[in-house]
Each structure stands twice: as C-alpha cells, then as structure tokens.
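Please put together the full structure from these sequences, using the hints given.
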Amino acid sequence: MAVAMASSGSNFGLYGNLKAMEKQPSSRATTFICSFGLDPVQLPCIIPRRSLSSSTSTFISKASPTPAVENGSSQETDAVPTPIVIIDQDSDPDATIVEITFGDRLGALLDTMNALKSLGLNVVKANVYLDSSGKHNKFAITKASTGRKVDEPELLEAIRLTIINNLLEYHPESSSQLAMGAAFGATPPSEKVDVGVATHIHVYDDSPEQSLLVVETADRPGLLVDLVKIITDINIAVKSGEFDTEGLLAKAKFHVSYKGKAIIKPLQLVLANSLRYFLRTPSTEEGSF
Numbered sequence: 001m002a003v004a005m006a007s008s009g010s011n012f013g014l015y016g017n018l019k020a021m022e023k024q025p026s027s028r029a030t031t032f033i034c035s036f037g038l039d040p041v042q043l044p045c046i047i048p049r050r051s052l053s054s055s056t057s058t059f060i061s062k063a064s065p066t067p068a069v070e071n072g073s074s075q076e077t078d079a080v081p082t083p084i085v086i087i088d089q090d091s092d093p094d095a096t097i098v099e100i101t102f103g104d105r106l107g108a109l110l111d112t113m114n115a116l117k118s119l120g121l122n123v124v125k126a127n128v129y130l131d132s133s134g135k136h137n138k139f140a141i142t143k144a145s146t147g148r149k150v151d152e153p154e155l156l157e158a159i160r161l162t163i164i165n166n167l168l169e170y171h172p173e174s175s176s177q178l179a180m181g182a183a184f185g186a187t188p189p190s191e192k193v194d195v196g197v198a199t200h201i202h203v204y205d206d207s208p209e210q211s212l213l214v215v216e217t218a219d220r221p222g223l224l225v226d227l228v229k230i231i232t233d234i235n236i237a238v239k240s241g242e243f244d245t246e247g248l249l250a251k252a253k254f255h256v257s258y259k260g261k262a263i264i265k266p267l268q269l270v271l272a273n274s275l276r277y278f279l280r281t282p283s284t285e286e287g288s289f
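Numbering of the sequence shown is given in the UniProt record's numbering, commencing with residue 1 and proceeding in unit increments.
If you are wondering where the hints come from, they were derived from the structure by calculation, not from laboratory data.
Among the hints, erroneous ones may be present.
Claimed, not checked - Below are the DSSO-like pairs computed for lysine-lysine, each with C-alpha atoms no more than 27 angstroms apart in a straight line: (1) LYS138 x LYS261; (2) LYS251 x LYS239; (3) LYS261 x LYS251; (4) LYS251 x LYS192; (5) LYS138 x LYS125; (6) LYS143 x LYS239; (7) LYS259 x LYS239; (8) LYS138 x LYS117; (9) LYS143 x LYS117; (10) LYS251 x LYS135; (11) LYS239 x LYS265; (12) LYS125 x LYS135; (13) LYS261 x LYS239; (14) LYS125 x LYS239; (15) LYS117 x LYS135; (16) LYS251 x LYS265; (17) LYS125 x LYS251; (18) LYS143 x LYS125; (19) LYS143 x LYS251.
To be verified - Now the in silico label distances, taken between C-beta atoms and shown as ranges: (20) PRO172 x ASP131: 22 to 30 angstroms; (21) ASN273 x PRO208: 18 to 26 angstroms; (22) LYS138 x ASP206: 22 to 30 angstroms; (23) ILE234 x ALA79: 38 to 46 angstroms; (24) TYR277 x ASP104: 37 to 45 angstroms; (25) ARG148 x SER190: 22 to 30 angstroms; (26) SER190 x ASN114: 26 to 34 angstroms; (27) LYS261 x ALA79: 31 to 39 angstroms.
All values derive from a computational prediction rather than experimental measurement.
Ideal Cβ positions, reconstructed from N, Cα and C, are used throughout, including at glycine.
Set out below in structure tokens:
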C-alpha cells in the first residue's frame with residue numbers, strides 16, 4: 001500500500017495530537033503517502049476486543065454489514081488471496097489515491113465509499129481494472145471541507161483502518177490474511193510475524209535535498225502515525241512517502257530531509273536505530289498481535 005506525505009514543519013504539528021492520543025485506548029481499526037497538516041481530527045472511536053497498541057488511537061467508520069457477493073454468489077474458494085491496501089499521495093497533486101486489491105473477490109465496494117464519506121471525505125473519482133494480481137478498486141479522495149487531498153496523519157490512518165475494517169466485515173475470509181484479524185476478525189492469522197525478523201530499515205541517498213527511508217515491519221493499528229512521530233522526534237522532516245499494507249506486513253517509503261538537505265550517514269544511523277528499537281519492542285499487551 002502506498003501513502004504520500006508532505007511536511008508543514010519538522011514536527012508536522014503531531015506532537016500535541018500524539019500526546020493527547022497516548023492517553024486514549026487503542027481502537028479497532030491499512031497504505032498511503034500523505035502530507036501532514038496541523039488541523040485536529042475528531043473522529044468516533046470504537047474499542048476493540050483486545051487493545052493492540054497503547055501509543056495511538058485507532059479510528060474506524062463502520063458501514064452496515066451485507067453479504068460479500070460477486071456476480072450474484074458468495075466467493076468461497078480454498079486459496080484466500082493477500083489483501084493489499086495502498087494510500088498514495090504522490091501520483092495526484094490534488095487528491096489522495098486509495099487502491100484496494102483482494103484477488104477477484106471485491107465487488108463495487110459501495111460500502112467502503114460510504115464509510116469514507118462518513119469520515120468527511122469525498123470520493124471524486126473511482127475506477128476498477130484487472131491484471132494478473134486480481135481486481136483493483138481505485139478511488140480518488142479529497143476532504144469535503146477543503147476539496148484538497150488528506151493531510152493529517154491521523155485521518156490517513158483512519159482511512160487505512162476503515163478499509164481494513166470493511167474487508168473484515170464484508171470478506172471475513174480476509175481475517176486470516178490480515179494482522180488486524182488477530183484482534184477483531186473472524187479467524188486469526190495462522191502464523192504470527194516475528195517483529196524482529198520482519199523488521200527491515202534502510203536509508204538511501206536520493207538527491208542533495210532528500211534521502212529515501214524504507215521500512216518493512218509487522219502491521220498494527222496506529223503504525224503510520226507512530227513512524228512519523230519517531231522520525232520527527234529527532235528533527236527529521238518527512239517530505240513525501242508511501243505506506244503499503246500487504247497482508248500481515250506494512251511497507252513504507254518516506255522521502256526525508258534534515259534542514260532541507262539529504263541526511264548524512266551518522267544521522268541515517270541514528271534514524272535507523274531509533275526506528276528499529278521502537279518497532280522491535282512495541283508497547284503492546286500480552287496476547288495482542
């Protein structure tokens with residue numbers, strides 16, 4: 001999944017929001033690049049059966065359940081495809097692009113469009129295309145209040161988790177393929193990801209003005225906001241990026257800079273070590289994913 005992000009300052013205006021969020025319980029809750037604005041986000045909070053993370057709140061707008069039907073019949077096959085959600089802020093200057101793939105099982109996803117609208121968003125364009133990986137549902141989304149792309153990380157995370165929630169609701173078979181299925185899906189994943197083994201962090205030289213940070217780790221609610229907080233806490237700015245949720249894993253690419261320039265090697269090491277320490281020792285309760 002992909003997410004585009006642009007900074008309005010080295011701390012993205014996140015510090016105050018995150019401090020308040022740390023005091024709230026995690027709620028139930030997928031990938032995207034986003035520009036981060038300073039406006040507060042007020043969304044309904046739904047408490048899950050188990051708390052997955054104490055560091056952020058997870059917001060979900062839930063649509064009413066209906067049977068998952070494709071061509072008039074429920075899709076039941078032995079091979080369950082890997083759900084993929086991409087939230088992309090790079091490819092369109094005026095809208096946040098959301099793409100959802102779940103093999104050939106996804107229908108028109110009107111329920112997902114309605115759930116996104118309940119978050120104060122407009123779906124300005126939608127299309128479906130097929131390739132070897134399955135049916136891709138792509139939406140162009142803007143904020144109803146401004147007509148512009150989404151720029152708050154909390155709202156982007158809410159979009160991600162809303163989509164995952166709807167996958168679990170309308171396609172319960174996806175539960176075994178998603179990290180969130182361990183907490184509020186019909187069937188938990190048969191395997192748990194070893195965070196230490198799954199976590200990979202690399203920083204590459206991208207240009208004189210920025211570096212490319214690549215992170216792969218086990219997915220969980222609030223991960224996008226947590227990553228941005230860690231990065232900005234050491235005064236590194238996130239200029240743009242990409243955040244993908246692919247089954248049990250989250251894959252992120254962020255364009256980052258320090259004082260308008262690419263990150264020098266010693267600071268790259270500090271950044272990588274900070275992220276690695278946080279991701280391999282998450283503040284989750286026993287029994288949570």
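Hint consistency between LYS143 and LYS125 [alpha-carbon to alpha-carbon, up to 27 angstroms]: holds (13 angstroms)
Outcome of range test on Cβ distance (LYS261, ALA79; 31 to 39 angstroms): Violated, since LYS261 and ALA79 (Cβ atoms, about 48 angstroms apart) do not stay within the stated range.
Satisfaction of hint between LYS192 and LYS251, Cα-Cα up to 27 angstroms: At roughly 17 angstroms apart (the allowed maximum being 27 angstroms), LYS192 and LYS251 satisfy the hint.
Supplied distance hint 22 to 30 angstroms, evaluated on CB atoms of ARG148 and SER190: violated (42 angstroms)
Restraint check for LYS261 with LYS251, where alpha carbons must lie at most 27 angstroms apart: The given pair, whose Cα atoms are some 24 angstroms apart, holds under the 27 angstroms limit.
Restraint check for LYS251 with LYS239, where alpha carbons must lie at most 27 angstroms apart: holds (17 angstroms)
27 angstroms Cα cutoff - pair LYS259, LYS239: holds (11 angstroms)
Hint consistency between LYS125 and LYS239 [alpha-carbon to alpha-carbon, up to 27 angstroms]: holds (25 angstroms)
Assessment of proposed distance window 22 to 30 angstroms (beta carbons of LYS138, ASP206): Roughly 26 angstroms apart at Cβ, these two residues keep to the hinted range, so it holds.
Distance restraint between LYS138 and LYS125, which requires alpha-carbon spacing of 27 angstroms or less: holds (8 angstroms)
Given pair status - LYS261, LYS138, alpha carbons within 27 angstroms: Distance of about 34 angstroms is beyond 27 angstroms: violated.
22 to 30 angstroms as the expected CB spacing between ASP131 and PRO172, which holds or is violated: For PRO172 and ASP131 the Cβ distance comes to about 25 angstroms; the hint holds.
Against the hints set out earlier in the document, violations occur for numbers 1, 25, 27.
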